[in-house]
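> Residues per chain, in single letters:
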Amino acid sequence: MNRLKKTRNQIVVLSLVLGGIIALLLGIFLENKIGIVLGVAFGTLIAILNFIELEKTLIKASKMIPRKAQSYTTKHYFIRYLITGLVVLISIKADYINEFGTIIGLLLIKFVIMITNLFNDKEYFKRIFRKEG
Amino acid sequence: MEPITGKALVLACSAIGAGLAMIAGIGPGIGQGFAAGKGAEGVGRQPEVQGDIVRTMLLGAAVAETTGIYGLIIALILLFANPLIGLL
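Just so you know, the protein sequences line up as chains A and B, in that order. Residue numbering for the first sequence follows my numbering, starting at 1 and increasing by one per position. Residue numbering for the second sequence follows my numbering, starting at 1001 and increasing by one per position.
It is worth saying that the hints were derived from the structure and are not from the lab. Each residue gets a CB set at the ideal place from its N, CA and C atoms; glycine is no exception. Be a bit skeptical, because a hint or two may be false.
What the hints assert, rightly or not - Pair ranges (Cβ atoms, derived):
{"#": "1", "chain 1": "A", "residue 1": "L25", "chain 2": "B", "residue 2": "A1081", "range": "33 to 39 Å"}
{"#": "2", "chain 1": "B", "residue 1": "K1038", "chain 2": "A", "residue 2": "I128", "range": "50 to 56 Å"}
{"#": "3", "chain 1": "A", "residue 1": "I34", "chain 2": "B", "residue 2": "G1006", "range": "34 to 40 Å"}
{"#": "4", "chain 1": "A", "residue 1": "K56", "chain 2": "B", "residue 2": "L1020", "range": "28 to 34 Å"}
{"#": "5", "chain 1": "B", "residue 1": "P1047", "chain 2": "A", "residue 2": "Y96", "range": "35 to 41 Å"}
{"#": "6", "chain 1": "A", "residue 1": "Y124", "chain 2": "B", "residue 2": "G1086", "range": "38 to 44 Å"}
{"#": "7", "chain 1": "A", "residue 1": "Y124", "chain 2": "B", "residue 2": "G1044", "range": "26 to 32 Å"}
{"#": "8", "chain 1": "B", "residue 1": "K1007", "chain 2": "A", "residue 2": "R3", "range": "52 to 58 Å"}
{"#": "9", "chain 1": "A", "residue 1": "I115", "chain 2": "B", "residue 2": "Y1070", "range": "30 to 36 Å"}
What the hints assert, rightly or not - Straight-line C-alpha distance at most 27 Å; calculated BS3-like pairs for lysine-lysine:
{"#": "10", "chain 1": "A", "residue 1": "K110", "chain 2": "A", "residue 2": "K6"}
{"#": "11", "chain 1": "A", "residue 1": "K68", "chain 2": "A", "residue 2": "K56"}
{"#": "12", "chain 1": "A", "residue 1": "K93", "chain 2": "B", "residue 2": "K1007"}
{"#": "13", "chain 1": "A", "residue 1": "K75", "chain 2": "A", "residue 2": "K5"}
{"#": "14", "chain 1": "A", "residue 1": "K56", "chain 2": "A", "residue 2": "K5"}
{"#": "15", "chain 1": "A", "residue 1": "K75", "chain 2": "B", "residue 2": "K1038"}
{"#": "16", "chain 1": "A", "residue 1": "K110", "chain 2": "A", "residue 2": "K126"}
{"#": "17", "chain 1": "B", "residue 1": "K1038", "chain 2": "A", "residue 2": "K110"}
{"#": "18", "chain 1": "A", "residue 1": "K60", "chain 2": "B", "residue 2": "K1007"}
{"#": "19", "chain 1": "A", "residue 1": "K56", "chain 2": "B", "residue 2": "K1007"}
{"#": "20", "chain 1": "A", "residue 1": "K110", "chain 2": "A", "residue 2": "K75"}
{"#": "21", "chain 1": "A", "residue 1": "K5", "chain 2": "B", "residue 2": "K1038"}
{"#": "22", "chain 1": "A", "residue 1": "K122", "chain 2": "A", "residue 2": "K5"}
{"#": "23", "chain 1": "B", "residue 1": "K1038", "chain 2": "A", "residue 2": "K63"}
{"#": "24", "chain 1": "A", "residue 1": "K93", "chain 2": "A", "residue 2": "K110"}
{"#": "25", "chain 1": "A", "residue 1": "K122", "chain 2": "A", "residue 2": "K6"}
{"#": "26", "chain 1": "A", "residue 1": "K126", "chain 2": "A", "residue 2": "K33"}
{"#": "27", "chain 1": "A", "residue 1": "K6", "chain 2": "B", "residue 2": "K1038"}
{"#": "28", "chain 1": "A", "residue 1": "K75", "chain 2": "A", "residue 2": "K56"}
{"#": "29", "chain 1": "A", "residue 1": "K63", "chain 2": "A", "residue 2": "K5"}
{"#": "30", "chain 1": "A", "residue 1": "K68", "chain 2": "B", "residue 2": "K1038"}
{"#": "31", "chain 1": "A", "residue 1": "K56", "chain 2": "A", "residue 2": "K6"}
{"#": "32", "chain 1": "A", "residue 1": "K75", "chain 2": "A", "residue 2": "K60"}
Kindly produce the complete structure, drawing on both the sequences and the hints.
Structure (structure tokens):
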């Protein structure tokens, strides 16, 4: 379980750092500075909360019987999906939040997972360029 | 009967497109549930590796979840911030 907590904390911290860097860069180069910074912050924080909720769901599901775990995880997925939908809808409707910033923030967690668990593995690149046979 | 205007046609097609894009949200839900069920089976067999199983499942589920978000974003943009109407 310690390894799980370590992975969770690593992803949360890296998401916050990467979100901050992206918000700073977009804020410097784009016109609507406050809107984009608010958008990225809003999206990143909701993505992190969704990630923590996912972790709690999976820990609880792993202690259930398989059939119950399946329905429990699917039910919680749709709750998170609804929350994400509301967040995107709010950012589209509210003028002071940039919707593209929110979208970048929401998708940031995927890139952080790929950077920390896939692209840091040299074997992954070796397997891509390895000839078959 | 009134003729169909270009704006009405674009709005109708956008609503159909938004509905079709929402189908993308169903797949990750089914997949996550299936993975969690199999994960629970694995924990039942080897309770001592629960942490590793949940960790692997967490990373896979988080990546799969963003795929559903793509469809959701497309649907919401088509419904509430349609860029095609501006082209008319």
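> Which numbered hints are broken by the structure, listed smallest first?
1, 2, 5, 9, 18, 19 and 26
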